[in-house]
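Could you build the full structure based on these sequences and the hints that come with them?
Here the protein sequences come in this chain order: B and E. The UniProt record's numbering applies: residue 1 is where the first sequence begins, and numbers increase by one. The UniProt record's numbering applies: residue 1 is where the second sequence begins, and numbers increase by one.
Some clues are possibly wrong.
For the chain E half of the interface with chain B, some residues (derived, Cβ under 8 Å), not all of them [stated by the list, open to error]:
#: 1; residue: 52
#: 2; residue: 136
#: 3; residue: 151
#: 4; residue: 294
Now the stretches of chain E that chain B is said to cover, found in silico as 3 or more residues with beta-carbon under 8 Å [to be verified]:
#: 5; region: 118 to 126
#: 6; region: 199 to 211
#: 7; region: 229 to 239
#: 8; region: 276 to 290
#: 9; region: 295 to 307
To list a few chain B residues with every Cβ distance to chain E over 12 Å, as calculated [said to hold, decoys possible]:
#: 10; residue: 6
#: 11; residue: 59
#: 12; residue: 62
#: 13; residue: 63
#: 14; residue: 66
#: 15; residue: 72
#: 16; residue: 224
Source of the hints: derived by calculation from the structure; they are not laboratory data. Using N, Cα and C, we set each Cβ at its ideal position, and we do this for glycine too.
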Amino acid sequence: MTTPASPAVRARRLVLHLVSVAVGALIVVPILFGVLGGFKDNGQLSTNPLGWPDPWVTENYTGILASEVFWRQLGNSLLIAVTGTVIVVGSAAMAAFVLARYAFRGRELIVTLFAIGLMFPFAVAILPLFVLLRGMGLLDNPLGVILPQAAFGLPVTIIILRQFFRTIPGEVEEAAILDGCGPFGFFWRVLLPMARPALATVSVLAVVTSWNNFMLPLVVFTDQSWWTLPVGVQAFQGQYADDTARVLAYVVLSMLPALGFYAVAERQLVGGLAGSVKG
Amino acid sequence: MTRPPTMSGTRDGVVTGASTPEPGAARPRGRRFRAGRAGTLAVFLAPALVLFLLLVVAPIVVASYASMYKWNGFGLPENFVGLDNYTRAFRDPTFLGDLWRGLVLIVLSLLVQLPVALGLAMLLNQPLKGRSVYRLIFFAPYVLSEVTTAVLFTLVFSPNRGLGDGLTRLLGADAGTIFADPDTVLLAVFLVVSWKYFGFYMILYLAGRQSIPKELHEAATVDGAGAWESFRHVTLPLLGPTIRISVFLSVIGTIQLFDMVWVLTGGGPIHASETMAVTMYQYGFRRFEVGYASAISIVMFLLSLVFALFYQRIIMRRDTEGALTNQGANG
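This is the structure:
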């Protein structure tokens with residue numbers, strides 16, 4: 001806004017701002033209701049659902065933060081997200097490497113297979129997956145969530161990474177081979193470091209997907225001590241159905257890690273989504 | 001199409017075996033046994049392929065097998081019933097209702113959610129102070145899980161203590177029952193889904209919009225096109241591929257909608273918000289009619305697959321061919 005704007009332009013800008021603020025309010029107000037509601041007691045919520053807390057009640061939040069259950073669910077979510085991301089990105093990077101840089105019989109078939117995997121609805125597989133995991137003794141075992149989740153994350157991860165690996169010029173590979181790199185050395189010491197931005201993008205996508213997964217941990221974990229945050233939040237709501245303020249506090253606290261992660265990784269996430277769809 | 005690797009030069013095999021130049025493929029060089037190359041391929045492909053075949057492909061094969069049995073999920077399926085589970089599904093009012101509700105949700109998304117997202121993307125493409133903050137806020141719900149979103153909104157609309165109730169009390173109305181009324185519940189679910197996902201589509205459109213070269217809009221302006229004409233004849237056609245992909249994602253996403261509905265309403269009241277995935281879960285994990293639930297899974301899968309194949313063949317073909325889309329839309 002360096003040049004002085006004409007009245008027409010200013011009026012237009014004002015309208016744009018008004019629309020943006022209105023939409024922003026639709027997003028923010030429910031969240032704000034949750035945050036403030038957590039600072040009320042149920043009496044206040046009934047008589048004064050819209051206003052500021054008066055007085056501010058902190059027991060809802062402090063009670064949850066002092067409980068072991070919340071932290072354990074947070075830890076479970078974290079463990080599953082991190083391990084699953086390492087597995088999906090690691091195995092996808094290896095596959096994408098040979099699918100991008102080697103010509104061999106059956107390559108296109110494998111690529112097509114993964115591409116079709118993009119449209120397998122998770123819900124389709126959940127029932128036989130459950131039977132399968134029960135057979136393998138992986139119920140109430142974090143691997144029962146981590147491995148299927150990684151498997152379902154493979155298609156999109158492989159497709160993004162393969163595209164990126166193809167852009168690395170052949171001369172780089174030739175130079176590496178001349179320097180005595182085998183395929184493993186090239187992959188590990190040259191390709192992966194060069195692909196750091198793409199790896200960051202797919203990792204962020206994998207973490208978000210894992211963090212938000214609900215159906216799989218819901219059916220795999222009957223043992224409460226393995227519950228992840230989404231399962232925990234839903235159970236908490238069932239358990240404290242009459243204690244709205246407390247449930248609001250639990251929801252708000254469970255949203256914080258996701259929002260914090262978003263604040264840090266916004267660029268990777270947005271770039272990754274936009275790029276993966278355009279690609 | 002598979003292309004057999006042609007081993008030009010040495011018979012002992014090569015590091016990268018293509019004789020036709022591949023992007024990024026090194027020239028064939030010898031001194032490595034063929035088994036070494038095959039071994040390399042196997043080692044690199046094995047983890048992904050094993051995971052994928054075992055945990056994605058196999059379950060779908062198992063589901064299609066189980067769908068032809070009356071089976072409670074324990075032991076091996078023995079009671080073969082052929083296609084009975086499928087005919088049962090297509091006579092089941094709940095399942096037929098699922099199909100109808102899915103269609104309603106898809107139509108609502110295409111007519112409301114995506115156009116709103118497109119409009120906001122165009123808005124945020126303008127020079128506007130603070131637009132990065134707006135963008136950050138609009139997209140934020142996408143990172144929240146469907147479960148936390150759903151729990152938050154059940155409380156927002158909870159009778160007596162909710163935000164919706166508080167607001168409508170001011171107006172003398174009653175919004176506390178929006179999820180309890182069979183006439184409004186599906187719309188309410190749609191609104192919450194839109195709240196969470198419109199920012200995702202907005203980001204897609206924004207990225208698509210920003211990849212359109214500036215010169216095209218400048219040329220349109222020089223030719224005397226107003227903002228609307230410029231949007232109608234330049235932006236919209238060039239955004240074609242992005243819009244078509246967003247429609248694809250939206251339809252596929254709606255077919256498998258589960259978390260949000262399960263937590264918001266459980267499919268109720270009286271099935272008024274039930275989706276195929278919820279019905280499948282009810283039969284599979286609550287009533288242990290695993291055979292019947294598998295048949296519903298397979299119908300979901302086939303619907304997705306048929307839609308995807310049809311869509312990619314007919315509608316997205318132009319994009320994959322790399323043609324400039326909607327050529328001649330100017331007439």
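So, going through the hints one by one against the coordinates:
{"no.": "1", "hint": "52", "verdict": "holds, 5 Å"}
{"no.": "2", "hint": "136", "verdict": "holds, 7 Å"}
{"no.": "3", "hint": "151", "verdict": "holds, 5 Å"}
{"no.": "4", "hint": "294", "verdict": "holds, 6 Å"}
{"no.": "5", "hint": "118 to 126", "verdict": "holds (count 4)"}
{"no.": "6", "hint": "199 to 211", "verdict": "holds (count 8)"}
{"no.": "7", "hint": "229 to 239", "verdict": "violated (count 0)"}
{"no.": "8", "hint": "276 to 290", "verdict": "holds (count 7)"}
{"no.": "9", "hint": "295 to 307", "verdict": "holds (count 6)"}
{"no.": "10", "hint": "6", "verdict": "holds, 14 Å"}
{"no.": "11", "hint": "59", "verdict": "holds, 17 Å"}
{"no.": "12", "hint": "62", "verdict": "holds, 20 Å"}
{"no.": "13", "hint": "63", "verdict": "holds, 17 Å"}
{"no.": "14", "hint": "66", "verdict": "holds, 21 Å"}
{"no.": "15", "hint": "72", "verdict": "holds, 17 Å"}
{"no.": "16", "hint": "224", "verdict": "holds, 16 Å"}
When the structure is compared with the earlier hints, a violation turns up for hint 7 alone.
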